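In the order they appear, the protein sequences are chains A and B.
By the working numbering, the letter at position 40 of the first sequence is numbered 40, and the numbering carries on one by one without gaps.
When you read off a place in the second sequence, starting at 1, and then add 331, the result is the number in the working numbering.
Watch out, some of these pointers could steer you wrong.
[To be verified] Heads up, simulated DSSO-like pairs for lysine-lysine below, C-alpha to C-alpha not over 27 angstroms straight-line:
| no. | chain 1 | residue 1 | chain 2 | residue 2 |
| --- | --- | --- | --- | --- |
| 1 | B | 424 | A | 40 |
| 2 | B | 424 | A | 14 |
| 3 | A | 220 | A | 265 |
| 4 | B | 515 | B | 505 |
Calculated directly from the structure, the hints in this document are not laboratory data.
Note that this is a predicted model, so its numbers are computed, not measured.
What follows is the residue order along each chain.
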Amino acid sequence: MVELSKEQLKDVAKSIVVGQGNQFVKELLRDNQIPIGLNKSDFYKNMMDAIDGGRLTEVMLVAWLEEVEGWGNQHIHLHEPLARSLDEVRQLVAASDYADLLNATAVTEFPDFLELTSIAISEAAFTLSWHKGNSSWTRVKRKDYRDEQEGDVYEFRAFRERSNRTVVRYEWVVGKPYSAVFIQLPNEGTLHADATNEVWRVLVELGLIEVPLPRVPLTKSVHGFRQDAAQVTATSAKLHAEGGYAEFVTTLPEGGIDQVEALRKLDRAVEDDDFPRADGKFKLSDEVHDGLSRPLTVEVIGGDSRIRLWVQCKREDVYLLTDLLWEHGLA
Amino acid sequence: MEWEKLAARHKPALLSAVRDRIAAGTSRVVELRPITDLGFSTSEAASLLDELAEQKVLERTEVLRCPSCNGHIAQDVLVNQVCPQCNHDFREKGDEPTKVITYLLLGGLSRDVPWLVAIHGFNSQGEWQRDFAWLAANKFRYHAPVLMYQFPMSRYGVMLRWRHLQLAAELAEKLVLAVQHAEKHGITEPPDVVLHSFGSLLFAALLDLPNYKNLRFGRVIIAGGIIDPRYDFDRHIVAGRCQAVLNHCAGKDEAVGLAQIMMPTAGPCGTHGLLSKAVVNIRSSNYKHGSFFEGETLTENLSVGGPWDHFLRRPMAYLADLPGHFTPAANWKPLSALIVVPLRVLCIALPLPVLLMALNGWFQDTKNLLGSILRSHRVG
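One chain only, chain A, in its complex shape (with noise of 0.2 angstroms):
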């Protein structure tokens, strides 16, 4: 692990109080002892004085980063695992080019594009992680400004620029019948394919695979989730067939399609093998699933393999995730 100086690692800080969740910032702060705050103005100031107090080090917050960054808030696909044992792949990575970068640390990367920045092998997973710096816009109303050129008003309307660090994540734990692509990319354009294709890549360099795994489709997993009403609320489903599409939603703020009667009658009615492709919203109670950290919102597109989570999580809540789509596209 590269030591960091305090002012670097003030730095990270401060892009952790950014790109986190609050819940996720106070979790931090809270297992390390540190006084917590009301707002992300006191966590930051909380934050720098533990660091300067030599309370808040980096191993710590390489440990906290590794558990919640780039979990949840994010795009997952799920492809078929690797035919290859652990043994295999660290011999395979050992030999490469990318050697170094075995259990290498991140914390203060933000290249501008996708780069492969470590490479975990443990005693149960093998785990790629790419980071890239990001921008997005926001929309500051107050900046906006009028001005009159050459006899025409022209309105000018601002946005700042916001920056945050995003993950790209290939991981295969062992004995899963899955692998997943972890995005933290939007959905738009070609973000998601040429991330996968740099998760092919490296695999394919790395000589564990020699074309892109296929996809674990999970449009059986949506149907099942939608009739699990015990252990998953669905909020709505969209059902093709080829020529159209059904869609159910209800905009309930609690509950799901089953406390709807008319919605109830019509998804009962529903032939799974009529519909192809399904797509579904659906929410996990902590209440009834143990293992979660957070009630979970998520989508899972079944025809494109996609599962995209609404809220920052962690690492083991993916998994429960995961492993229970996995179960219900068995039937």
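The hints should help you fit chain B onto chain A, whose structure is shown.
Structure of chain B alone, referenced to chain A:
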């Protein structure tokens, strides 16, 4: 909830419409629009809903909605500043979710008929079941399969208890298979049941069979029932064997009176009612024993708002909210054995002379025929 107290402050028609909506339990959210569509103003409708919220019938809550698609934005998703329904980016657009007052129903919701079993009486091949099947298929369309249980035509067997138990066991076996079949097709809920006449007695016998305690049922409708009014349905409801029982009585049913004479363990629940506290008893004063399944009445019973539709779908709290609802007199006693036993013996013995007469006629005919054949041979 004492709705009468609200009558002083709200229009009766508004009160009735909102009460019906809440009793129907068709959705967790109670929207103002369907009420104002009936001609009431938003303020008078909101005033009533606010009062119902104070009475804890509804919950009045502030909900965040997307200004673009009106979808609900949960607080935990709000940190993303993106609508999960339409991907509207609040930061990029410079707007915020709108706050909307929403009323949520705190009581139970309506239910669906998962699947249905119909069991007919003894003196029948289940003719009514054909009409019933057609109406039920039209009512539930694709979402509730209907099983029409046919047991063998039985006239003398109904007078013998061992035959009841035999038929009940056969019914139980068929239902075990039907439940397995339903589960295989994704229907895990127990079936609702419609029983007529002897079918009700068989069903009560089935509930008491020790080998079939795992069979569970949803809502049970008894029409023209011939179960002993003292039969304890409460214990089956408490044990989860049945969710609820509607006993639909007829005002002009003479058959159920005869049943207790002819059939062991039978009783006139189809006229007197069932005494179990959890059973909902209603009476249609113009009905006879077979009226329940005649075209017009059957349609009326199953149509939206009809008594059977109401009972099958409404939340538990509103099940007894039916016209003709009554509480049966608790002092019902069966007929004296001094009357029942001779009459039942007569019923069983009566067919014997008839049989002997028939046999005698056949014997005489055969004797005559043989005699004439022999005579013709002698002549020959």
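Hint check results:
1. For a cut-off of 27 angstroms, the pair hint linking residue 424/B to residue 40/A stands: about 23 angstroms separates their Cα positions.
2. Only pairs whose Cα atoms come within 27 angstroms are accepted, and residue 424/B paired with residue 14/A is accepted, the gap being roughly 26 angstroms.
3. For the given pair, residue 220/A sits about 20 angstroms from residue 265/A by alpha-carbon distance, which is consistent with the 27 angstroms threshold.
4. Taking the CA atoms of residue 515/B and residue 505/B, the gap is about 15 angstroms. The hint holds against a cut of 27 angstroms.
In terms of the numbered hints stated before, the structure departs from none.
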